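Engineer: In case you want the letters, here they are:
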Amino acid sequence: MDSYRRIVALKIQSAQDRASAIVEEKRRVENKVYASPGSQHVLTFVGDAATKVQGLLEAEKAVANTDPLDASELETRIQRTTKLIPVLHMLLGFVEGSDVHRSPGQLIQPLRRYVRSIIPASEIVVSSKAELNYSIQDIAEPLRKLFSDTPLQSSCGLLPDRLFVVNIPAVESGQILIHGVLAHELGHALYKKHALAGKLLPNIKVKEDLIKNLVKVMSGARQQQQGPPPELRLREWVTEQVASRITAWVMELSSDAIGIRLFGPALFFAAVHLMTAFKHIDQGSTTHPAPRLRAKLMMRMLKQLYPVDKLHENLQALLRDWDEVSAVPIVARSMFDQLAIESIDDKALDLIFQASATAVSEAQSYTALRFDRDAAELAPLFVNHIPPGETGHYGRGVPVELASIINAGWHVYLCDFEALEISEMKTAWEEARRDSKRGKN
Amino acid sequence: MHSEHRFSDLTESLKHGFLVDDIVLALARAEKGQQLDEKDRKLLGRAVFILESAEAGYHWPDNPKLTGETKSCATFFGMAVNALPTVYASEVFLESISDLKATAAQLSSGECGPEREKIQRLRTFFRNVAQSELDRTEQLLAGEGSGDALKWIVTDE
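Note that the protein sequences, when read in sequence, are chains A and B. Take 12 as the starting number for the first sequence in the working numbering and just add one per residue. Take 20 as the starting number for the second sequence in the working numbering and just add one per residue.
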């Protein structure tokens, strides 16, 4: 055991060196220019936490020398503390790609303004990386939970209330219309903030008879294959699969519902564009419902919140198609999916729709009136290549909100695309004519 | 492909792990006959809560009502099943959890100490939990490099 304790001391020393390297790296990268103010928050936190992790490791030396843990327990304990180092690396990774040369600068200020209007005292880090991955995740709350009652608790004081790390695929950073899906991600933060799980889940009725039938069917299947069924493990598997699947699906659907309230049709258009390209319409997973179910909820909401039959004919046609497709029953890929689908029925979808209203105030909601106004006022600006930075009277202009820009953009893309193309061709033609005249002169 | 909430899953796994490590340390002290302080007793109170949640997770399919705690009960049930690798029958599982809970409750209350053998069993249980939670943390960390997932619609079966 003595030799092992000496090895433990070496392990601790090595981990302290790694933590010290993080402090050095933080000093090196903090001199870069970052487009998001949140990047500096992350770096300050990482520097402070890395220093304190060295102290935590030092305290483990005392545990190794004085306390009665056996070698295996001690190893597990030391490994746990050293795992904080890759977490700090992960945080540095969030900042990577957020410098001015790589992040989509034109998006950051409107997005930051928008996020702070929904969740005050929050901050964002927008990074653009070479991976097909749209996400927003709050890292401040998980870090606070992890480090509460530890010496690293004070490091969390360096973070804003919520720190959203926004990742946008590098090759898509110019595709602002697809950025509408960020509303769904913001929905996750509001789902947690308003504790919707506690309000929604008790009202969703899980089909008890289906669970019992599931256990029976699986026991039978295993009996035929491998002798006596491991009854306890079967029960554990079913519980884990069903409970985690339904709670995760309710969270995803609620985030869609909140996103529709925040961004209106823009979320639906961006969502169905992404879904059609990357996911089989009936394929669900432990964490996400099938795209058909998501489209069904969003269509239900759009039909109730927007005068769908008065929208532009192109929008009506697209929405009609999705309405018909989403009404077709989902062909479940597994028994667990089937159970979740039957539990999250139309009544549950309506509950999710209603609950989303408690997470988004009226002032934050994107309304049918705004959609009409944006289509009428902003879309013509886009068609004529005029950037809509502000609207309103001269001297009293207000910045155009992100939701308005993206909705108007979708309106142009789906309804006025020919006009945009003609306008682009005209512009190109006029430029060419001017150039040729200049050439002659 | 990785889970959409991998960072919060990771911090949660570490949080659980740190808690369980401290429970193991408190139990190691108790087994050596050392006096448990207030902090240790509180930790053993948390051990009782974990065991109660595992029990609730076991019973969930009999009356499948969803609450904000359903997912964590299912997680603790899974943890407990993995920490008792030789137990296959439901009755034995429930009996084991009940015994472990009684030992933890006795230690947490600070009243007369349970037999050394019972403390040892409780310590082995939480040692197994600590190890499997460390494995989970490592899995979550290993997913870090596979950044080719479209998280918004990710699937991970």
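None of these hints come from the bench; they were simulated from the model. Keep in mind that this is a model prediction, so the values were computed, not measured. You may find that some hints are simply not true.
Taking lysine-lysine pairs in the DSS-like style, the calculated list, with each CA pair at most 25 Å apart, reads [to be verified]:
id: 1; chain 1: B; residue 1: Lys61; chain 2: A; residue 2: Lys218
id: 2; chain 1: B; residue 1: Lys84; chain 2: A; residue 2: Lys72
id: 3; chain 1: B; residue 1: Lys137; chain 2: A; residue 2: Lys72
id: 4; chain 1: A; residue 1: Lys94; chain 2: B; residue 2: Lys34
To list a few chain B residues with every Cβ distance to chain A over 10 Å, as calculated [unchecked claim]:
id: 5; residue: Leu55
id: 6; residue: Trp79
id: 7; residue: Gly87
id: 8; residue: Ala93
id: 9; residue: Ala121
id: 10; residue: Lys137
Beta carbons: idealized from backbone N, C-alpha and C, even for Gly.
Engineer: Hint by hint, say whether it matches the structure.
Structural biologist: For each hint, the structure was consulted:
no.	hint	verdict
1	B:Lys61 with A:Lys218	38 Å, violated
2	B:Lys84 with A:Lys72	46 Å, violated
3	B:Lys137 with A:Lys72	29 Å, violated
4	A:Lys94 with B:Lys34	11 Å, holds
5	Leu55	13 Å, holds
6	Trp79	5 Å, violated
7	Gly87	4 Å, violated
8	Ala93	4 Å, violated
9	Ala121	20 Å, holds
10	Lys137	17 Å, holds
Hints 1, 2, 3, 6, 7 and 8, counting from the list given before, are not met by this structure.
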